[in-house]
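**Student:** Chains X and H, in that order, are what the protein sequence lines are. Heads up, the first sequence is in our numbering, so the first residue is 1 and it goes up one at a time. Heads up, the second sequence is in our numbering, so the first residue is 1 and it goes up one at a time.
Note that these hints are calculated values from the structure, not bench results. Each hint should be verified, as a subset may be incorrect.
[To be verified] With the C-beta cut set under 10 Å, the calculated list includes, among others, these residues of chain X facing chain H:
1. Thr232
2. His233
3. Glu360
[As the list claims (entries may be wrong)] According to the in silico footprint, chain H covers these stretches of chain X (three or more CB under 8 Å from chain H):
4. 107-121
5. 301-310
6. 365-374
7. 509-523
Don't be surprised by glycine CBs; every beta carbon is placed ideally from N, CA and C.
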Amino acid sequence: MNDPVDVLIIGAGASGAAVAWSLAETKMHILCLEQGGWMNPATYPSTGRDWEARFFGDYSPSPNIRARPEDYPINDDNSPIKVVNFNAVGGGTIFYTAHFPRLHPSDFRVRSLDGVAEDWPIDYDTLVPFFEENDRMMGVSGLAGDPGVPPRNPPMLPLPLGRSGALLGKAMNRLGWHWWPSDTTVATVDYEGRAKCINLGHCTPACAQGAKASTDITYWPVAQRAGVELRTHCRVREITTDEHGMATGVVYYDADGAEQFQAAHVVVLACNGVGTPRLLLNSSSGRFPNGLANSSGFVGKNLMFHPYAQVYGYVDAETDSNRAPPTCLWSKEFYETDKSRGFVRGYTFQFGRGVGPVVEAVASEQKGLLPWGAGHHAAFRRLNGHRLGLSAICEDLPEEHNRVTLDPELKDCHGIPAPRIDYTIGENTARMMEHGIAHAKEILAAANATDICVNSPILHGGWHLLGTARMGTDPARSVINEWGRSHDVKNLFIVDGSVFVTSGGVNPTSTIQALALYIADQMKQRLANLFD
Amino acid sequence: MADDNPLTPAQRDDLRALAGIIIPASAEFDVPGADDPAIQADMLATLGRDTDPVREALDQLARLAGAPLTGLDPARRQAVAMELRATGGRAIATLTRVVLQCYYRDDRVVRSLGLEPRPPYPKGHVLEDGDWSLLNPVRARPPLWRRASSSP
Numbered sequence: 001m002n003d004p005v006d007v008l009i010i011g012a013g014a015s016g017a018a019v020a021w022s023l024a025e026t027k028m029h030i031l032c033l034e035q036g037g038w039m040n041p042a043t044y045p046s047t048g049r050d051w052e053a054r055f056f057g058d059y060s061p062s063p064n065i066r067a068r069p070e071d072y073p074i075n076d077d078n079s080p081i082k083v084v085n086f087n088a089v090g091g092g093t094i095f096y097t098a099h100f101p102r103l104h105p106s107d108f109r110v111r112s113l114d115g116v117a118e119d120w121p122i123d124y125d126t127l128v129p130f131f132e133e134n135d136r137m138m139g140v141s142g143l144a145g146d147p148g149v150p151p152r153n154p155p156m157l158p159l160p161l162g163r164s165g166a167l168l169g170k171a172m173n174r175l176g177w178h179w180w181p182s183d184t185t186v187a188t189v190d191y192e193g194r195a196k197c198i199n200l201g202h203c204t205p206a207c208a209q210g211a212k213a214s215t216d217i218t219y220w221p222v223a224q225r226a227g228v229e230l231r232t233h234c235r236v237r238e239i240t241t242d243e244h245g246m247a248t249g250v251v252y253y254d255a256d257g258a259e260q261f262q263a264a265h266v267v268v269l270a271c272n273g274v275g276t277p278r279l280l281l282n283s284s285s286g287r288f289p290n291g292l293a294n295s296s297g298f299v300g301k302n303l304m305f306h307p308y309a310q311v312y313g314y315v316d317a318e319t320d321s322n323r324a325p326p327t328c329l330w331s332k333e334f335y336e337t338d339k340s341r342g343f344v345r346g347y348t349f350q351f352g353r354g355v356g357p358v359v360e361a362v363a364s365e366q367k368g369l370l371p372w373g374a375g376h377h378a379a380f381r382r383l384n385g386h387r388l389g390l391s392a393i394c395e396d397l398p399e400e401h402n403r404v405t406l407d408p409e410l411k412d413c414h415g416i417p418a419p420r421i422d423y424t425i426g427e428n429t430a431r432m433m434e435h436g437i438a439h440a441k442e443i444l445a446a447a448n449a450t451d452i453c454v455n456s457p458i459l460h461g462g463w464h465l466l467g468t469a470r471m472g473t474d475p476a477r478s479v480i481n482e483w484g485r486s487h488d489v490k491n492l493f494i495v496d497g498s499v500f501v502t503s504g505g506v507n508p509t510s511t512i513q514a515l516a517l518y519i520a521d522q523m524k525q526r527l528a529n530l531f532d
Numbered sequence: 001m002a003d004d005n006p007l008t009p010a011q012r013d014d015l016r017a018l019a020g021i022i023i024p025a026s027a028e029f030d031v032p033g034a035d036d037p038a039i040q041a042d043m044l045a046t047l048g049r050d051t052d053p054v055r056e057a058l059d060q061l062a063r064l065a066g067a068p069l070t071g072l073d074p075a076r077r078q079a080v081a082m083e084l085r086a087t088g089g090r091a092i093a094t095l096t097r098v099v100l101q102c103y104y105r106d107d108r109v110v111r112s113l114g115l116e117p118r119p120p121y122p123k124g125h126v127l128e129d130g131d132w133s134l135l136n137p138v139r140a141r142p143p144l145w146r147r148a149s150s151s152p
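Can you build the whole structure from these sequences, using the hints too?
**Tutor:** The structure is reproduced here in C-alpha cells:
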C-alpha cells in the first residue's frame with residue numbers, strides 16, 4: 001500500500017519536470033510517476049558508428065517504429081502527420097531539436113485580432129516572468145535585439161552561424177526578409193553543470209554531450225534534491241474519483257507490471273496532448289461517463305500539430321551538414337497576419353544546416369536524385385554536404401474534428417486502450433503551407449540552390465501535440481480554467497501542451513514550460529483555498 | 001552449431017548481387033561496391049528489426065528473376081533490379097536503406113568522402129563562427145511582431 005501524497009504528477013517530461021521543481025519549495029510530498037526510465041547518455045546514438053541508422057530503428061521519432069518497452073502504440077493511420085513523442089524521464093525534451101522560440105503576443109489574441117478560433121484567457125505579458133525563469137533553468141542560447149520577436153535576453157550567446165547560416169543569411173538579405181539566429185536550448189558555454197556544445201550534430205535523438213537541455217539534466221536533479229520523488233517505469237491507467245467528484249489518486253502498473261493504487265490530494269497531468277486526453281478518456285466512471293473532466297466534451301478535441309512544409313536544395317558550396325546543431329536560424333517574415341496572402345495567421349521559417357551521409361543517401365534515393373548503378377558515386381558527392389533547407393512551421397487552427405479518442409481494439413502492453421488520431425489539415429493551414437513552400441523556394445533560389453525537394457507535410461512531423469484539453473473561462477468550451485485547474489474536478493490540474501487554445505506558429509516547448517511554471521505559481525498562491 | 005544467419009544462402013547471394021547493382025565499386029573514387037564482403041557482413045549482422053521486410057524484398061526479387069540474380073546475364077539482372085525498385089514498395093525501400101546505411105558507414109567509404117570514420121561523440125566538430133555583420137540590415141528593421149492587448 002502506497003502512502004498518500006500531497007501532489008501526484010503524471011509524466012516527467014517538459015512540463016511535469018517544471019511543475020515539480022516549482023512546487024518543491026512548498027515542501028509538500030510530491031510524487032511523479034513516469035512510464036519511462038532514466039536515459040543513459042553513454043548509449044545515445046551519437047556515441048556509435050551506427051548513429052544515423054538508429055534513427056530508423058530504436059531512436060525513430062515514431063513510437064510505433066521505435067517500439068521501446070516504455071512506448072505505447074498510437075493508431076495514427078487516419079492522419080497525414082504521424083505522432084512523434086518520447087517516453088522517459090525528460091519526455092519529449094530527450095528527443096527534440098532544441099529550437100526554443102516563444103509564442104508571440106498576438107498568438108494569445110487570435111479571435112480579437114484575426115477573427116478566428118478563440119482568445120486565450122491569459123496573455124503573453126502574464127507569461128513573461130515564467131519564460132525568463134524557464135530560459136534560465138533550461139539554459140537558452142540566443143541573441144538579443146531581434147526585431148521579429150518581443151525583447152528577451154537569453155542567458156547564453158547564440159550558436160555560431162557556421163557556413164550554412166551564413167549562406168542562408170546572405171540569401172535572406174538578398175530578398176530583404178527577416179532572419180535571426182534561433183534561440184536554442186543548446187549550451188554554448190558550460191552551464192549549470194552541463195558541458196558546452198561540441199557540435200556532435202546529431203542533436204534531435206538525444207545529446208550525448210549533455211549540451212542540449214532535457215529536463216532529466218536540468219529540472220529533475222534540482223527537483224529531486226528539493227525532495228520531489230520520481231518513480232520510473234510506472235504507467236498510469238486511470239485517475240480515480242470519489243462520490244464528491246474529486247480525484248482520489250491513480251491506478252498504475254509498476255516496473256514489475258503489478259497493479260498499484262496511489263492516493264493523492266492533488267493530481268497534475270503532464271502527459272502531452274495525446275497522453276493526457278487518453279488518460280482522461282480512460283478514466284470514465286458513473287459520475288464521469290464521457291471521461292474525466294469532460295463535461296464540455298472537449299477532451300481530445302481540437303488537436304493541433306503544426307504541419308511542417310519542408311523544402312531543401314543543394315548548393316555548390318560546402319555546408320555544415322551534420323557537423324553542427326541542425327537548427328541555426330529562424331525567420332518571422334511571414335508570422336503575423338497579412339490577409340493579402342490568402343490566409344490568416346502565419347508561420348515561422350526554421351532553417352537547417354544539413355544532414356549526415358546516411359540520411360542524405362536514403363532521402364536522395366527516395367527522391368530520385370541518387371541513382372542506382374554507375375552514376376551513384378558522382379551524384380552522391382554532389383549532394384552530400386551541400387544541402388540547405390528550411391521548414392515552414394505552420395499555425396494549425398483548432399478544429400473539433402481533429403481529435404484523440406480511445407482506439408476500440410489497439411492496446412498497449414498493459415491492456416490500456418491506445419490513442420487513436422483522426423486529423424486533417426485545415427484549409428487555412430493548407431494555403432499557408434503552399435505560401436511557405438513558394439517562399440522557401442525563393443529563398444533557396446536566392447542561395448543558388450538547385451534540385452529542390454519538398455516534403456509537405458513532413459510525415460513523421462507530429463512533434464507538437466496541442467489543444468486537446470484547452471484552457472478557458474467558459475466551462476462549456478474548455479477543460480481547465482485560466483489557472484490550470486479542471487472545471488469539473490477541483491483537485492485536478494493539467495500543465496502540458498493539451499491546454500493550448502491555439503498553436504501559434506512556433507515550436508511550443510518554451511511556452512509549454514512557461515505555462516507549467518505559471519500554473520504551479522497559481523497553485524502556490526492559492527494553496528489555502530485551492531479547491532474552492 | 002546452429003546457423004543464426006537471418007537469411008538463407010540463396011537470399012544472401014541475391015542481396016550481395018543486388019547491393020552491387022545499387023552501388024557498384026568505383027575505381028574513379030577508389031571505393032568498394034556495396035557487395036564488398038565487409039559491408040555485406042555488416043548488413044547481415046545488423047539487420048535486426050529490418051529482417052522481415054528485407055526477406056520480403058528478396059522473395060519479390062526471386063519471383064521476378066526466376067533464378068539466382070548472379071545467374072542472369074547483366075542486362076537481365078539490371079532490368080530485374082529496376083523492376084523491383086519500381087514495384088517493391090516498402091520492402092525494397094527498407095532493403096535499399098539497409099544497403100545505404102551500411103555502405104555509408106564503412107571506413108573506406110567515409111574516408112573517400114573526406115570525413116573521419118568515427119562516431120560524432122566524443123570528439124565533435126568545429127563550427128566556424130560566421131560573419132555576424134550579415135545581421136546589420138536585419139537589426140535596422142522596425143519590430144515585426146504585433147503588440148496585443150492584455151487579458152480581458
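**Student:** All hints are to be evaluated individually against the structure, with a verdict given for each.
**Tutor:** Cross-check of the supplied hints:
| no. | hint | result |
| --- | --- | --- |
| 1 | Thr232 | violated (25 Å) |
| 2 | His233 | violated (22 Å) |
| 3 | Glu360 | holds (8 Å) |
| 4 | 107-121 | holds (count 6) |
| 5 | 301-310 | violated (count 0) |
| 6 | 365-374 | holds (count 5) |
| 7 | 509-523 | violated (count 0) |
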